[in-house]
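> What follows is each chain in one-letter form.
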Amino acid sequence: MARKKKKKKKINQYPERLVWLRVYNDRMLMTRCLTIGVLVLLFGVGLSAASGLHVGKGLAYSSILTAVEQAQPGDTVWIHEGLYSEGNIAINKPIALIGIGYPILDGLHNCEIITVNASDVLIQGLEIRNSGQLSTIDLAGIKVLSSDRVRIIGNKVLDCTFGIYLSNTNDCLVSKNSVSGIIKEEQNSGNGIHLWKCARAVVEENHLTGQRDGIYFEFVTDSEIRYNHSEYNLRYGLHFMFSHNDHYHHNRFHHNGAGVAVMYSRQVKMTENEFGYNWGSSAYGLLLKDISDSHIWKNIFEHNSAGVYMEGASRITLEQNQFRENGWALRVQASCDANIVRQNNFFGNTFDVSTNGSLVLNSFESNYWDRYEGYDLNHDGIGDVPFRPVSLYAVVVERMPFGLMLMRSFMVYLLDKAEKIIPSLTPEMLKDDKPFMKPIALL
Amino acid sequence: MFRIVKYVLYDILQNRMVIGYTLFLLAVSLGLFNLSGEATKGMVSLLNIILIVTPLVSIIFSTIHFYNATEFIELLAAQPIRRSILIWSEFLGLAGALSLAVMIGIGIPVALFAPNATGITLMLMAIALSVSFVAIALLASVLTRDKARGIGVALMLWFYFALLYDALVLFLMFSFADYPLEKVMLAFIALNPIDLARVVVLLQMDISALMGYTGALYREFLGTGWGITFATLVLTAWILIPILLAVRVFRKKDL
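Chains as they are written, first to last, in my numbering: chain W, 1 to 443; chain S, 444 to 698.
Rather than coming from a laboratory, the hints here were simulated on the basis of the structure.
Some clues are possibly wrong.
Stated by the list, open to error - Taking lysine-lysine pairs in the DSSO-like style, the calculated list, with each CA pair at most 30 angstroms apart, reads:
(1) W/K197 - W/K93
(2) W/K197 - W/K156
(3) S/K695 - W/K417
(4) W/K420 - S/K484
(5) S/K484 - W/K298
(6) S/K626 - S/K449
(7) W/K417 - S/K449
(8) W/K269 - W/K420
(9) S/K695 - W/K431
(10) W/K176 - W/K197
(11) W/K289 - W/K93
(12) W/K438 - S/K626
(13) W/K434 - S/K696
Kindly produce the complete structure, drawing on both the sequences and the hints.
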């Protein structure tokens, strides 16, 4: 609307200020010409100054391998549009490898495509496809070995066993890449982005699909995973092992075989992610196994068989998350202790919380439960009677999974009611003393 | 035969109770959908109502109707009409009227608020349950001569299928918790039409929970084309077996 109005004004004013406009237009034209000229000049200078090595049809080099061999440290190798299948390209010096118009590097299913053995390498704008597959060596589209400050930006990796593979690196950046595999069997496929023994890595804005695990972290510390989108992977959207002090946020994990797993780690921050549509006999939105001192804040869990499954987890704070229409919102095994579940919203889950023992070492406080039927006499927004999120039937199903057949039977409903009045089988101490009457506003 | 069905049907449709039942279902369904705000939640409450109310009304109404129509049936039996045709017409009339009530009472709200696979399954199951309990009611009625006793038997049957059965299954589950009962449970479900209807609807509704764990087994079995066929066959059996037995008894019955 605003734009339209402006246009109208201009047309109206045009006859009156015709002269001024003409002068103005002339000026604009001159500035533009100048800018373009300067840009062209700069570009030319830039190309020659960086002593770029151009690879492509009718250019200085026709093979990437020779260009890389000829390049001096600090050089840029420009790869122009085309199809290159030159086997393995090993980079042993700090150079930049930049694609123009997504040149295709094809491994013809028999080798690893790019192997980086040097620090300060930049790989950008390439399309890498068809790596080989071996059971002894993890072949990848791009592999970085024992190097620091390597940047991998905006590449497309298609049908490789491992997509991007970082091993023993520091301060690397993996950004804006897309990795998509063709779904094979779990044992023959690799991970989208695989980090092993790295520190201070940043993985951001990547799109991962059709691999074994979307993102795989093992022995990775002080790193950040943000704004990634991981879906339709065979196993986990994100797989964390022995990785401490990491932070992942604003990621979306959807339709993965088993959701997201964080195992054997401590001090992991998980914030503002979306976990959804992980359905199956052992699928979880988020699986926490032997993890401690972590913070789970403002995530959304919806349509998972189990929203969060906790086993051997301690000192974890689950705060301000949304649990919507999961089979089980929270499954807390009795091996968990000192966890705090606070200010979360629970909507339409089949079971809110289930546990396998009567010992409760975790605290539930100030959550909103859509099943809460208590009252609030003093109108302070907090229910006056405690809410017990574990129903008798949830306990029965935990013990006898085939009891699921009686779900929503009237008999079960009656038993649940009776149990609410006089708890006998459900853990008596598992309760929320200050349940909210209305959903907590998050966002 | 169709003429008799027509008379029975007219007779029932003029009955105030059927109209009341239709309006009750309509009010409850509309109320539940409006109150709960979310269609899924409304559907869950509606499922509970259907599993309790539809069988109850079907079985009691059919029994009362059959006893009230004793004179009409005796009169017709005196005519050159085969007895099997007589009882089949009674069955079709009752089943038709009650199905119509369900179609209006539940079908309209479902079409308005949740016109999806779950909604359609819910309605089909409600119809199947109605028809099945009409058949069971007729069997109970032809077996007992006394009206009060017949109604008593009908009530007992409803009580058994709707409540006692699940309690018994639960009890068995607790007693034999150490044994692999997955397949046995499947058989138990098939032995009660109400349970079967419930599970079929649940498979459409609570997918995420049922998918987990053992649910996968049931989903594999009941959720696939095979399972649907199985459920349909068993429900058909729950309609055909009681009514065929009723026909058999009625043919030899001393009126």
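> Going straight from one Cα to the other, do S/K626 and S/K449 come out at no more than 30 angstroms?
Cα-Cα ~44 angstroms, so violated.
> Between W/K289 and W/K93, is the straight-line Cα distance small enough, at 30 angstroms or below?
violated, 41 angstroms
> Can the restraint linking W/K438 and S/K626 be considered satisfied, given a maximum Cα separation of 30 angstroms?
violated, 42 angstroms
> Are the Cα atoms of S/K695 and W/K417 separated by 30 angstroms or less?
With Cα atoms ~48 angstroms apart, S/K695 and W/K417 exceed 30 angstroms; violated.
> Is W/K269 close enough to W/K420, meaning Cα to Cα at most 30 angstroms?
violated, 35 angstroms
> Between W/K420 and S/K484, does the CA-CA distance stay at or below 30 angstroms?
holds, 21 angstroms
> Between the alpha carbons of W/K176 and W/K197, is the straight-line distance 30 angstroms or under?
holds, 22 angstroms
> Going straight from one Cα to the other, do W/K417 and S/K449 come out at no more than 30 angstroms?
Given pair W/K417, S/K449 is violated - Cα atoms ~46 angstroms apart, limit 30 angstroms.
> Does S/K484 pair with W/K298 here, judged by a C-alpha cut-off of 30 angstroms?
Holds - the C-alpha atoms of W/K298 and S/K484 are around 25 angstroms apart, at most 30 angstroms.
> Are the Cα positions of W/K197 and W/K156 separated by 30 angstroms at most?
holds, 24 angstroms
> Can you confirm whether the C-alpha distance between W/K197 and W/K93 stays at or below 30 angstroms?
holds, 22 angstroms
> Given the hinted pair W/K434 and S/K696, is their alpha-carbon gap at most 30 angstroms?
Cα-Cα ~66 angstroms, so violated.
Consistency with the previously given hints fails for numbers 3, 6, 7, 8, 9, 11, 12, 13, ordered from lowest to highest.
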